[in-house]
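**Student:** Respectively, the protein sequence lines represent chains A and B.
Going by the working numbering, 391 is the number at position 391 of the first sequence; the sequence numbering is gapless.
In short: position in the second sequence from 1, add 431, done, that's the working numbering.
Honestly, the hints are just simulated from the structure, not real lab data.
For clarity, every value in this text was computed on a predicted model and none was experimentally measured.
One or more of the hints may lead you astray.
Said to hold, decoys possible - Label-pair restraints from in silico Cβ distances:
| id | chain 1 | residue 1 | chain 2 | residue 2 | range |
| --- | --- | --- | --- | --- | --- |
| 1 | A | K92 | B | I556 | 47 to 55 Å |
| 2 | A | D386 | B | P539 | 32 to 40 Å |
| 3 | B | S547 | A | G303 | 29 to 37 Å |
| 4 | B | P539 | A | K246 | 26 to 34 Å |
| 5 | B | S467 | A | S60 | 36 to 44 Å |
| 6 | B | A739 | A | D58 | 23 to 31 Å |
Cβ atoms here follow ideal geometry from the backbone N, Cα and C, with glycine treated the same way.
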Amino acid sequence: MRRSTPSLLPTRTRGPRLAAAALAALAVVAAGGCGARVDSAGSAGAASSSAENADCVDTSGDTVKIGFLNSLSGTMAISEQTVHDSLQLAAKEINADGGVLGKQLEIVTEDGQSEPTVFAEKATKLITDDCVAAVFGGWTSASRKAMLPVFESQDALLFYPVQYEGLESSPNIFYTGATTNQQIVPALDYLAEQGTTSLFLVGSDYVFPRTANKIINAYARAHGIEIVGEEYAPLGHTDFSTIVNKVKASGADAVFNTLNGDSNVAFFKEYSNAGLGADEMPVLSVSIAEEEVGGIGVQNVEGQLTAWNYYQTVDTPENAAFVEAFQAEYGDDRVTSDPMEAAYVSLHLWQQMVEKADSFAVDDVVAAADGVSYDAPEGTVVVDGDNHHISKTSLVGEIGDDGLIHPVWTSEEPIEPDPYLEGYDWAEDLG
Amino acid sequence: MTQRLTALLAPGRTRALAGFALAAVVLFAVAPVLLSPFRLGLLAKFLCLAMVAVGIGLAWGRGGLLTLGQGVYFGLGAYVMAMHLKLADAGPGGVPDFMSLYGTGEVPWWWEPMRSPVATVALVILVPALLAGVLGWAVFTRRVRGAYFAILSQALAAAFAILLVGQQQTTGGTNGLNGFRSFFGYDLADPVNQRMLYLVAAGVLLAMVLVARQLMVSRFGELLVAVRDAEDRVRFLGYDPAVAKTTVYVVAAVMAAVGGALFVPVVGIVSPADVGVVPSIGFLVGVAIGGRATLLGPVLGAIAVSWAQTSISEQFPSGWIYFQGALFVGVVAFLPGGLASLLGRRRRRGRGDAAPAPEEPETTAPPSPVPAGAHTGRTAQGRQP
Chain A
1 MRRSTPSLLP
11 TRTRGPRLAA
21 AALAALAVVA
31 AGGCGARVDS
41 AGSAGAASSS
51 AENADCVDTS
61 GDTVKIGFLN
71 SLSGTMAISE
81 QTVHDSLQLA
91 AKEINADGGV
101 LGKQLEIVTE
111 DGQSEPTVFA
121 EKATKLITDD
131 CVAAVFGGWT
141 SASRKAMLPV
151 FESQDALLFY
161 PVQYEGLESS
171 PNIFYTGATT
181 NQQIVPALDY
191 LAEQGTTSLF
201 LVGSDYVFPR
211 TANKIINAYA
221 RAHGIEIVGE
231 EYAPLGHTDF
241 STIVNKVKAS
251 GADAVFNTLN
261 GDSNVAFFKE
271 YSNAGLGADE
281 MPVLSVSIAE
291 EEVGGIGVQN
301 VEGQLTAWNY
311 YQTVDTPENA
321 AFVEAFQAEY
331 GDDRVTSDPM
341 EAAYVSLHLW
351 QQMVEKADSF
361 AVDDVVAAAD
371 GVSYDAPEGT
381 VVVDGDNHHI
391 SKTSLVGEIG
401 DDGLIHPVWT
411 SEEPIEPDPY
421 LEGYDWAEDL
431 G
Chain B
432 MTQRLTALLA
442 PGRTRALAGF
452 ALAAVVLFAV
462 APVLLSPFRL
472 GLLAKFLCLA
482 MVAVGIGLAW
492 GRGGLLTLGQ
502 GVYFGLGAYV
512 MAMHLKLADA
522 GPGGVPDFMS
532 LYGTGEVPWW
542 WEPMRSPVAT
552 VALVILVPAL
562 LAGVLGWAVF
572 TRRVRGAYFA
582 ILSQALAAAF
592 AILLVGQQQT
602 TGGTNGLNGF
612 RSFFGYDLAD
622 PVNQRMLYLV
632 AAGVLLAMVL
642 VARQLMVSRF
652 GELLVAVRDA
662 EDRVRFLGYD
672 PAVAKTTVYV
682 VAAVMAAVGG
692 ALFVPVVGIV
702 SPADVGVVPS
712 IGFLVGVAIG
722 GRATLLGPVL
732 GAIAVSWAQT
742 SISEQFPSGW
752 IYFQGALFVG
762 VVAFLPGGLA
772 SLLGRRRRRG
782 RGDAAPAPEE
792 PETTAPPSPV
802 PAGAHTGRTA
812 QGRQP
């Protein structure tokens, strides 16, 4: 009986001949294509290619196209749909008001599908196929990082509306959410003011919490705050008994929470079950806004703290108008949150930039950006032409029994954006 | 049984040659002329996904190995390539940007080999081949098969994605690796070089299809089908099924890795979202819809599904996902052999009634002592008229 490794060699004689013939045919075709591409690649390799799409934006008619790129499907859809709604509202208002430079906005919507690669693909499509004047959207850092090379190589404009981990500034992106020195650092200032001397850090395992906690550690070293624990849970993790036990045993003055999404529901339920609450050990969260409070359950987070730059309860005439318009459009049960407001603001800021530049061309808009201001629902914001972020007032809020968040502390003045934390001595060795 | 199956699935030499010639003309001559640079880039991405599908077609369609974890090998190839591109952009002795931002600012030792382009190309193939070889051998000699193997491979994909996310300082975490500027010295922003990448992807895919065809018509291919359909009988005949299974698993892994390595410069990013459980299952969708046991079914299925996903989602950004779901349900319910089985059915009808309905003898195949293991294989063959 044979017991051997099966031979990989084909037994039929036609096999090798077929392969040889086909490979030869393939080689001929490939060589033809190859010759052409080596030549052209060699000559064009050094040349810049971005000019090709620069003038593709059509401004001859009485409309101009802009792109909205949010995840309308996938895990991020629940968050990004709210931003999309907010952008649609802003576009509707601008159109009702006569448009931008007299042109009505024509919206091209694409679904980012919660996948970074899809964001890159759809961004390219919006820029090169639809020839939009600017793109608004993105939420996760991964989606932004995936889109960044696209916008830079095509020399197009992206407005990104979510607070993020900083350490970035692209000439082709405007960041209308907070960078770290407008959200995390003021939150730490607040905790220090309250006499906090020890902190426990809980976060989801991805780039924002890791970077935030790096900053918090540096801040704590310089300000005499002890970090008594630092725990990460995988995104979507829902078993927090171990982490909550560690938190409870640590006896920290407060918890700094950078958990994202569903994990917050599980974390706060476990936290309440363990007999902890805002009075025993307050939790300051930076990823829980009005939208999420309902999902977590008000009873689980009542009295806990959050740090943002906007709340639905902010008392300005602009905010009253924004909330009223939003609820009139989408229903009285809808809430408005920080990323939604930042998205709403981003479209208005672009309008201001275009009108200041009197042009839709990317270079003109970027050149005109510095100092452009807008009376946003959160207060007046001003664009920094160097780092493309905007000044924002920081607000620490307390979650009320009505499911809304009420400011308890404000930075008084808008804080200038500093994505690399260059203005802070203690942040020197953060890279 | 296998001979007839092979004869049906591996068409005659002239037809095969004509088919390859047609595919080559379409890929090398027609597509670059008709498609805009953006659409051509998309097609290049789909071709990379189709490479994974070729491997799955071999392992699942022919070998009966339901691999729910091809994302791991796709990811290994992609990350090895991405590391090289990051290091090349950083220059000799340089540190990739994200490491200085989020990490220690030092390049870990296991990144160092990827500074060399030659080592990178070798590692793209060797790393997944080694992992698949060791894992396959360990699993298949212990006679783990069927659903157990599927679950194991899926768990591997989940673990791999979690590992990547957790090692943010050295793998970029959820952001993955991105922002590449050049590919072996060519500027990636240049459309001419993007076209070159497309041609490379098209050539590699055609070569893979050739390899797959050779494997299918060879004695190894017949042994593989035999292992799929009646593993214990093959063992009684004196063959070691673990060898055949491990071999096809390694081949599928290498094909996935090469697809991943080309995916990186084409798309410009690789992140854990591209290698975990969901994308691993996504690879199977196209293969299942196209027809897993056929030569071209997986390739055409993968390309068609990706293409449909893109164009439908452009038309209906908020409702496209229902179309995809309906398509999948429709194919599984009414065409379990995939779209390729339509072709087979028509061909048989065209030949007249000469071909008897083959289902009966096959579905009543003698029961195997290990029902769980043989199950996948038997359905795969039973639905193939």
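**Student:** For each hint, tell me whether it holds in the structure or not.
**Tutor:** Going through the hints against the structure:
1. K92(A) / I556(B): 47 to 55 Å: 54 Å, holds
2. D386(A) / P539(B): 32 to 40 Å: Since the Cβ atoms of D386(A) and P539(B) sit about 34 Å apart, the hinted range of 32 to 40 Å holds.
3. S547(B) / G303(A): 29 to 37 Å: Once the Cβ atoms are compared, 58 Å apart, the range 29 to 37 Å for G303(A) and S547(B) is violated.
4. P539(B) / K246(A): 26 to 34 Å: Holds, since P539(B) and K246(A) (Cβ atoms, about 29 Å apart) stay within the stated range.
5. S467(B) / S60(A): 36 to 44 Å: For S467(B) and S60(A) the Cβ distance comes to about 21 Å; the hint is violated.
6. A739(B) / D58(A): 23 to 31 Å: 29 Å, holds
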